[in-house]
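Engineer: Residues per chain are reported as follows:
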Amino acid sequence: MIRFEGAGKRHPDGTVAVEGLDLEVPTGRITVLVGPSGCGKTTLLRMVNRMVEPTSGRVLLDGTDVAELEPAKLRRGIGYVIQQAGLFPHRKVIDNIATVPNLLGWDRKKARARAAELLELVGLAPETAKRYPFQLSGGQQQRVGVARALAADPPVLLMDEPFSAVDPVVRAGLQEELLRLQSELHKTVLFVTHDIEEAVRLGDQVVVLREHGRIAQLADPHTLLTTPADDGVAAFLGRDRGLRGLGLRPASAIALRPVGDGRKDGPEGGPTDGLTHGGWELTLDDERRPIGWIDRAAVTAELHPVAGFHPDTDTLRTVLDAAVLSPAGVAVALDTEGRATGTASREAVLAALAPGSSRPGAARPGAARPETARPESGGPGSGGPVRTDKPATGDAPDAGPADGAPGGR
Amino acid sequence: MNWLTWLGDFFTAPDHRSGPDSIVHRVSEHLLLSGEALLYAALLAVPLGLLIGYTGRGVTVVTALAGAARALPTLGLVTLAVLLAGVGDSAVLLPLVALAAPPLLVAAVEGVRGTDPDVRDAARGIGLTHPQVLWQVCLPSAAPTLLAGFRTATVQVIATATVAAYVGLGGLGRYVIDGLATRKYAVTVGGALLVVLLAVAAQLFFSLLARFALPPGVRAQHRAR
Numbered sequence: 342m343i344r345f346e347g348a349g350k351r352h353p354d355g356t357v358a359v360e361g362l363d364l365e366v367p368t369g370r371i372t373v374l375v376g377p378s379g380c381g382k383t384t385l386l387r388m389v390n391r392m393v394e395p396t397s398g399r400v401l402l403d404g405t406d407v408a409e410l411e412p413a414k415l416r417r418g419i420g421y422v423i424q425q426a427g428l429f430p431h432r433k434v435i436d437n438i439a440t441v442p443n444l445l446g447w448d449r450k451k452a453r454a455r456a457a458e459l460l461e462l463v464g465l466a467p468e469t470a471k472r473y474p475f476q477l478s479g480g481q482q483q484r485v486g487v488a489r490a491l492a493a494d495p496p497v498l499l500m501d502e503p504f505s506a507v508d509p510v511v512r513a514g515l516q517e518e519l520l521r522l523q524s525e526l527h528k529t530v531l532f533v534t535h536d537i538e539e540a541v542r543l544g545d546q547v548v549v550l551r552e553h554g555r556i557a558q559l560a561d562p563h564t565l566l567t568t569p570a571d572d573g574v575a576a577f578l579g580r581d582r583g584l585r586g587l588g589l590r591p592a593s594a595i596a597l598r599p600v601g602d603g604r605k606d607g608p609e610g611g612p613t614d615g616l617t618h619g620g621w622e623l624t625l626d627d628e629r630r631p632i633g634w635i636d637r638a639a640v641t642a643e644l645h646p647v648a649g650f651h652p653d654t655d656t657l658r659t660v661l662d663a664a665v666l667s668p669a670g671v672a673v674a675l676d677t678e679g680r681a682t683g684t685a686s687r688e689a690v691l692a693a694l695a696p697g698s699s700r701p702g703a704a705r706p707g708a709a710r711p712e713t714a715r716p717e718s719g720g721p722g723s724g725g726p727v728r729t730d731k732p733a734t735g736d737a738p739d740a741g742p743a744d745g746a747p748g749g750r
Numbered sequence: 002m003n004w005l006t007w008l009g010d011f012f013t014a015p016d017h018r019s020g021p022d023s024i025v026h027r028v029s030e031h032l033l034l035s036g037e038a039l040l041y042a043a044l045l046a047v048p049l050g051l052l053i054g055y056t057g058r059g060v061t062v063v064t065a066l067a068g069a070a071r072a073l074p075t076l077g078l079v080t081l082a083v084l085l086a087g088v089g090d091s092a093v094l095l096p097l098v099a100l101a102a103p104p105l106l107v108a109a110v111e112g113v114r115g116t117d118p119d120v121r122d123a124a125r126g127i128g129l130t131h132p133q134v135l136w137q138v139c140l141p142s143a144a145p146t147l148l149a150g151f152r153t154a155t156v157q158v159i160a161t162a163t164v165a166a167y168v169g170l171g172g173l174g175r176y177v178i179d180g181l182a183t184r185k186y187a188v189t190v191g192g193a194l195l196v197v198l199l200a201v202a203a204q205l206f207f208s209l210l211a212r213f214a215l216p217p218g219v220r221a222q223h224r225a226r
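If you read the sequences in order, they're chains U and H.
Here our numbering is used: the first residue of the first sequence is 342, the next is one more, and so on.
Here our numbering is used: the first residue of the second sequence is 2, the next is one more, and so on.
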């Protein structure tokens, strides 16, 4: 656990970066510091590993004042990821990752083996090991940065706007990856960002900061989005925070309407029940994968695209979006093989929002957290969403071409 | 042409093929003297430059001094050194070191300062000590700039080491000076040509070194700038 006790920073010229902050960063959780530039969030983060020395108050790491620890030693026990990755350009990827183990005096072979292990953990191909940083894309560099931070298996991870410099698609992939890693590793993560979207997506607890490091609100993402502390926080959260809140609720909360087996043995040679919605009919192939929607009133059998979702990994927001995009007003639930397992209408999505039908705040796709599981609440289908290891969605670790292509040479 | 025969005479003269006045001997004298001067200059300038570049303290002073040092008349320095120290190696080494040190100093300072600040920050943040950052991060990053500094210094020293002959020492300057003194212009031209060739060869050597001896990551980074 990291504890800020009145930690403040006043620069020699008299300007105040942080006035004095009290904050607890709980063990095994992701705490996000979010705020406009100049709110002192990076300064606070850097106090933890003594890259910045507080001028007042103190920072405790598991009960020990970090000021009592030797900086280099302290830092080797804390993972550190920065915006531009900061990889050593003259070292191969594998040696970059092995930096801290080498500093700690590990056996070279052991350090290399550990680095190779981490390369796999962050979703990079083994042949990446022999590359130099300049041969990697921004997203890949950032993955290496995370791997380097995790190399010596530190309990604490400091991340200073680590995903700000990559494009939105890659960023989403990296965020997903971080949540997956966290669900396996349970590190104490202090994450700094100016992007409230990212904060809400990643944080177990989100700390909204104002200038001089004053806390405007400290809450879990759901509470933050639904009940901002004041107008300032609401303005910072931006428009449609209600809709964005949908992104925190698992799609598994929706009561799906089952689909038939797709054979045309219904009444009057029509399809079985579950495939017709209003004037639209869902067509499936032999494997029960959706092919398209057909307008039953139309003369031609033109296929309209199907918007699908994965109940175990997607959120209500995705489902609602899919339902809105679908000509029939219905999103199709798919299993990992892409087969249709049910349908969800717009109404069904809204019904899932009714109180008691899901557990706001606790349940979030991408990270199963034992601490937040409250088995006594919620009905079937609303339990903590267990994320499959291989997300079937397009933003799988190596699927995105934007992330896979080598960067500037 | 006239000077071609001169050169032919120069290279075929028996004195120049063996003995103390042979080309091989003079070239090795020249290289030894240049090498010695470069070594002392490097020992003096590189560590100082790395330190100044890393701490960022005294950068303006270094830049100003290096600029001023370039304006020093080498011949004047040689004369001064002879007056102070008498005829000897040091009389020549002193001006040569004074000539080679400024480019090396500037290269070391600029090279270290050119290290990506994010990389330095990350290096500190993951637990490298200051000496480790300087040695493992800044030095490799400064290597291309440093190498370029060595190239400049070497070419200048090789060209200028001819002054050694002024105070009675060896090297290729012997041919130039002696040729002038005895009105054997063939010898002067030959000696001058050898100096040029040596300088070009040094230039080439460092280009190859920069191409093949630097780690690929550093090379790419340097190209990108």
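In case anyone wonders, no lab produced these hints; they're calculated from the structure.
Do not rely on the hints blindly, as some may be mistaken.
The following label-pair restraints were derived from C-beta to C-beta distances [claimed, not checked]:
no., chain 1, residue 1, chain 2, residue 2, range
1, U, 406, H, 90, 39 to 47 Å
2, H, 214, U, 357, 46 to 54 Å
3, H, 60, U, 367, 39 to 47 Å
4, U, 409, H, 119, 22 to 30 Å
5, U, 450, H, 90, 45 to 53 Å
6, U, 354, H, 88, 33 to 41 Å
7, H, 209, U, 450, 29 to 37 Å
8, U, 367, H, 214, 46 to 54 Å
9, U, 508, H, 214, 30 to 38 Å
Which stretches of chain U does chain H cover? Using the computed rule of at least three CB atoms under 8 Å from a CB of chain H, they are [to be verified]:
no., region
10, 429-439
11, 461-475
In this text the structure is predicted, and so the values were computed from the model without any measurement.
The beta-carbon is built from N, C-alpha and C at its ideal position, and this holds for glycine as well.
Engineer: Next step is simple, just say for each hint if it's right about the structure.
Structural biologist: Structure-based check of each hint:
no.: 1; hint: U:406 x H:90: 39 to 47 Å; in the structure: violated (59 Å)
no.: 2; hint: H:214 x U:357: 46 to 54 Å; in the structure: holds (49 Å)
no.: 3; hint: H:60 x U:367: 39 to 47 Å; in the structure: holds (45 Å)
no.: 4; hint: U:409 x H:119: 22 to 30 Å; in the structure: holds (29 Å)
no.: 5; hint: U:450 x H:90: 45 to 53 Å; in the structure: holds (50 Å)
no.: 6; hint: U:354 x H:88: 33 to 41 Å; in the structure: violated (58 Å)
no.: 7; hint: H:209 x U:450: 29 to 37 Å; in the structure: holds (34 Å)
no.: 8; hint: U:367 x H:214: 46 to 54 Å; in the structure: holds (51 Å)
no.: 9; hint: U:508 x H:214: 30 to 38 Å; in the structure: holds (36 Å)
no.: 10; hint: 429-439; in the structure: holds (count 5)
no.: 11; hint: 461-475; in the structure: holds (count 3)
Violated hints, in rising order: 1, 6; the structure is consistent with all others.
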